[in-house]
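Novice: Here are the chains, one letter per residue:
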Amino acid sequence: MGGERLKIILSLTPPLLIIFTLFFGGIFYGFLQSLGYQPAIGKYEINFSAYYNVMFSERYAKLFWTGLGLNLWVSFASTFLAAVFALFGALAIRKTFFAKTICNFIYSLNLPMPHLVVAVGIIFVFSQSGLLARFASQIGLIGSPGDFPVLVKDKYGLGIILAYIWKEAAFFFIILMSVLQSLGENFEELAQSLGANRWQRFRYVILPLVMPNLFSASIIVFAFSFGAYEVPALLGVIYPQMLPVMAFEFFLNPDLNARSEGMALSIIIAIIVMILVVFYFWLTQAKIRKD
Amino acid sequence: MSKLNIKNLIKSFPSMDRPAVNNVNLDIESGELVAFLGPSGCGKTTILKMITGLFQPDSGDIILDEQSLLKIPTEKRGVVMVFQNYLLFPYMNVNENVGFALKMKGVDKNIIDQKVKEMLELVKLPDIGLRKPKQLSGGQQQRVALARALISNPRILLLDEPLSNLDAHLRDEMRDLIVTIQQKLKVTTIFVTHDQEEAVLLADKIALIFDGELQNFTSPKNYYEKPKNIKAAKFFGGVNFINAKKHNDNLSTNIGTIHYKGENYTDLNEDNIITIRPENIKLSKNNDFNNNSFKGLIKSVIFSGTHTRYKIIVNDLELECSLQSVGLQDIKTDDTIYVHLPSDKIWAMNE
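Chain order of the listed sequences is A and B. Quick note, the first sequence lines up with residues 1 to 291 if you use this note's numbering. Quick note, the second sequence lines up with residues 1001 to 1351 if you use this note's numbering.
Treat the hints with care, since some could be wrong.
Unchecked claim - Derived CB-CB ranges, DEER-like:
id, chain 1, residue 1, chain 2, residue 2, range
1, B, Lys-1124, A, Gly-3, 44 to 52 Å
2, A, Gly-3, B, Pro-1126, 32 to 40 Å
3, A, Thr-101, B, Asp-1267, 35 to 43 Å
4, B, Met-1016, A, Arg-198, 53 to 61 Å
5, B, Gly-1041, A, Gly-140, 46 to 54 Å
Said to hold, decoys possible - Stretches of chain A that chain B covers, calculated by requiring three or more beta carbons in the stretch to come under 8 Å of a beta carbon on chain B:
id, stretch
6, 176 to 189
7, 192 to 204
Claimed, not checked - Far from chain A, some chain B residues (derived; all Cβ distances over 12 Å):
id, residue
8, Ile-1051
9, Thr-1052
10, Tyr-1086
11, Pro-1090
12, Asn-1097
13, Arg-1175
14, Lys-1282
15, His-1307
What the hints contain is simulated information worked out from the structure, not anything from laboratory work. All C-beta atoms, glycine included, are put in the ideal place defined by N, C-alpha and C.
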């Protein structure tokens, strides 16, 4: 019995050591830095002043709260719209038809694309010097490319939202297609024979059936878009700035004291995402208990 | 109470080298309980789906109470289908599942609640309204599915393999329930099955379908006593077939002349086939019979409890006979025996 236990402990030790050292070790050290502990520059005091500075100081408070607002808006809007596009795309092409394979391929194509490439693609297509602007100008819809609405590097994060929709819709699509295909059409056919029209079949049958998977995928996409740096860095404006970009700029600051603020901001981002994930698990567990 | 006429119905699928449904004609009377019987892939569910409107036929018509259904969308046909695997909505409780059709029609919630209660009482499950489908047994799920289908007073009720997912005990219970409810509500009902026994026990009439073609549409009794062709006879357990020719109001075969009393004699072709069920053949060690009696040799004897099965060779022809084991004569393999084919139990067919 004792030998068995020792065997289990010994076999678990190497992976646990790696996880604790690399992951929790990094987080712990980052957390310490956010509390002002930076031995490299002779700071050993532990306090919450970096958190206070980021959230409430005259210098950073406005940046932080508008950045948080933009973060929430971009993440909610892009997650919701990507899910909606993917859902309608999956519903449109789930049935067998002659071009289904091609449509499937096109829809899933941008899944392996790096976010950076997608962001550059958005600039090429949607910026005021991009393809759409030039085309609209060529066909006389607008006077010059400069008249094209500002969709990239705009204060509402539209370019960022477009990039995330473009990229994440493929992720939602893959998940939804597998769910819809495993469900088949029997539930809808049944609902139809029970008198449900097209809208009712969508509202009362398809949506509730795909919702658990859609919700799980949404949490992943939301958490990613809330904490990702490269797309907002490329497609965002200086003010308002999304929180991950703001955090990175703290790190780039030649004044090493600013690193504590950067770490505090990163920890805040992680805590917000964690709260949402915990809320999600609480919701699903409550539903399981109710069932 | 609705009358259904199916006229020259044809449906093909690109993946099949023959039509899935080939020129099917059926007239189903109001309040009848009809079985579509046939092996898997014979087209019976395809017909059901065309009646609901989930498939469109290539040609032909489906007429319900003198009105063609083809232009009417599924949700407005009043034809409700109960699927083989019940398909209760997993995210709804039993009450919500049963009330679904009325909710889709925008019926007042109080009326829905009242009707749901009535339906659950009808299927003898009055106290499970708040349960989720996964908390129900297979039999309970089937009953809830039935209640959900019946709540909107369908003009036609379609049941796709309604008993196939149930164990033997539940099957008997469910079968009785379906018959009771169908007789009470008088709803014209069609069910699909590949189980011959199920069709015989439940249906007023059976439509036998092979390879998309309707073989016969008649009462269960006729399938045993007066099958239309060899395929129908074999599907219902027929094993004895004798090639015959018309001869002086009787039938001539290679085991001798057979006296025939069937009312279809004039409709028979010159060359035809005689069939007789194993349980209708009589055996005797002495020749006790006046006609249709032939000398044969017992090839094998198989005791199967209540009945004993004999294989007899008569002039190179093998016949099978099944007799009740109780009070049986002592007949053994290689015994010489007289085989009697009672003229009122013989049936001759063209195909």
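Novice: Out of the numbered hints, which ones does the structure contradict?
Specialist: 1, 2, 3, 4, 5, 8, 9, 10, 11 and 12
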